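Asks: Here is what each chain is made of, one letter per residue.
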Amino acid sequence: EPEVTQTPSHQVTQMGQEVILRCVPISNHLYFYWYRQILGQKVEFLVSFYNNEISEKSEIFDDQFSVERPDGSNFTLKIRSTKLEDSAMYFCASHSGTSSTDTQYFGPGTRLTVL
Amino acid sequence: RKEVEQDPGPFNVPEGATVAFNCTYSNSASQSFFWYRQDCRKEPKLLMSVYSSGNEDGRFTAQLNRASQYISLLIRDSKLSDSATYLCVVKRSSNTGKLIFGQGTTLQVKP
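Residue numbers (our numbering), protein chains in the order written: chain A, 1 to 115; chain B, 1001 to 1111.
Hints are not guaranteed to be accurate.
Said to hold, decoys possible - With a straight-line Cα cutoff of 27 Å, these simulated DSSO-like cross-link-like pairs (lysine-lysine) come out:
(1) B:Lys-1045 with A:Lys-78
(2) A:Lys-42 with B:Lys-1079
(3) A:Lys-57 with B:Lys-1091
(4) B:Lys-1042 with B:Lys-1079
(5) A:Lys-42 with B:Lys-1002
(6) B:Lys-1079 with A:Lys-57
(7) A:Lys-78 with B:Lys-1042
(8) B:Lys-1045 with B:Lys-1002
To be clear, the hints were calculated from the coordinates, so they are not data collected in a lab.
As the structure is a computational prediction, the values presented were derived from the model and not from experiment.
Please build the complete structure, drawing on both the sequences and the hints.
Replies: In structure tokens, the structure reads:
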């Protein structure tokens, strides 16, 4: 069964450093998303991406965040200058866009720890 | 007010029990509804979509009441492997719009 993959599984970084989280969505999917989940809290939407541009973003997704689809397979989330409060699980998801009853399929996540 | 509200639990039940989870949503424009399951430190996985007519998948039954903005999940004959957090999820408007998650209800099934 096709699946969303994410790398790395765990990233440890120092405050103020840049990090890039990588995702490979399901191959025929057209819509891509990033969500985050701070430990003990709910899953929160960050950004959606379609046709090489952001289609929606939340208030969390400020100027420190950016997304890119540099080639036909990877979808990346960059945090330019990490803060302690960026520590969370980051989930990538993708959607085929073909059915109103279809939903998003999530990758296994990257655990980001900012020290 | 949270857009999707769930009782966080935990619900502690013996194997074989029937357990019901409830969820309310505040935005009447919400279009699609789902139950996801999340195991500890893992990604959310789709359990089932929820339709107005109600739907069943084996031991799991989901119901949607649009008038009351209320969603439910019933698990019959609980198994130890059902222990997880169950996430109520809604999607507004477009087919490909963002998912809005509740905080989840934790279920612990005990032998």
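Asks: State for each hint whether it applies.
Replies: For each hint, the structure was consulted:
For a cut-off of 27 Å, the pair hint linking Lys-1045 of chain B to Lys-78 of chain A stands: about 25 Å separates their Cα positions. Taking the CA atoms of Lys-42 of chain A and Lys-1079 of chain B, the gap is about 25 Å. The hint holds against a cut of 27 Å. For the hint linking Lys-57 of chain A to Lys-1091 of chain B, the alpha-carbon distance of about 15 Å falls within 27 Å, and the restraint holds. For the given pair, Lys-1042 of chain B sits about 19 Å from Lys-1079 of chain B by alpha-carbon distance, which is consistent with the 27 Å threshold.
Distance hint between Lys-42 of chain A and Lys-1002 of chain B is fulfilled; the C-alpha atoms sit about 11 Å from each other, no more than 27 Å. About 39 Å separates the Cα atoms of Lys-1079 of chain B and Lys-57 of chain A, which puts this hinted pair outside 27 Å; it is violated. Note on Lys-78 of chain A and Lys-1042 of chain B: the hinted pairing holds, with a Cα-Cα distance of about 22 Å set against a maximum of 27 Å. Between Lys-1045 of chain B and Lys-1002 of chain B the alpha-carbon distance is near 22 Å, which keeps this suggested pair within the 27 Å criterion.
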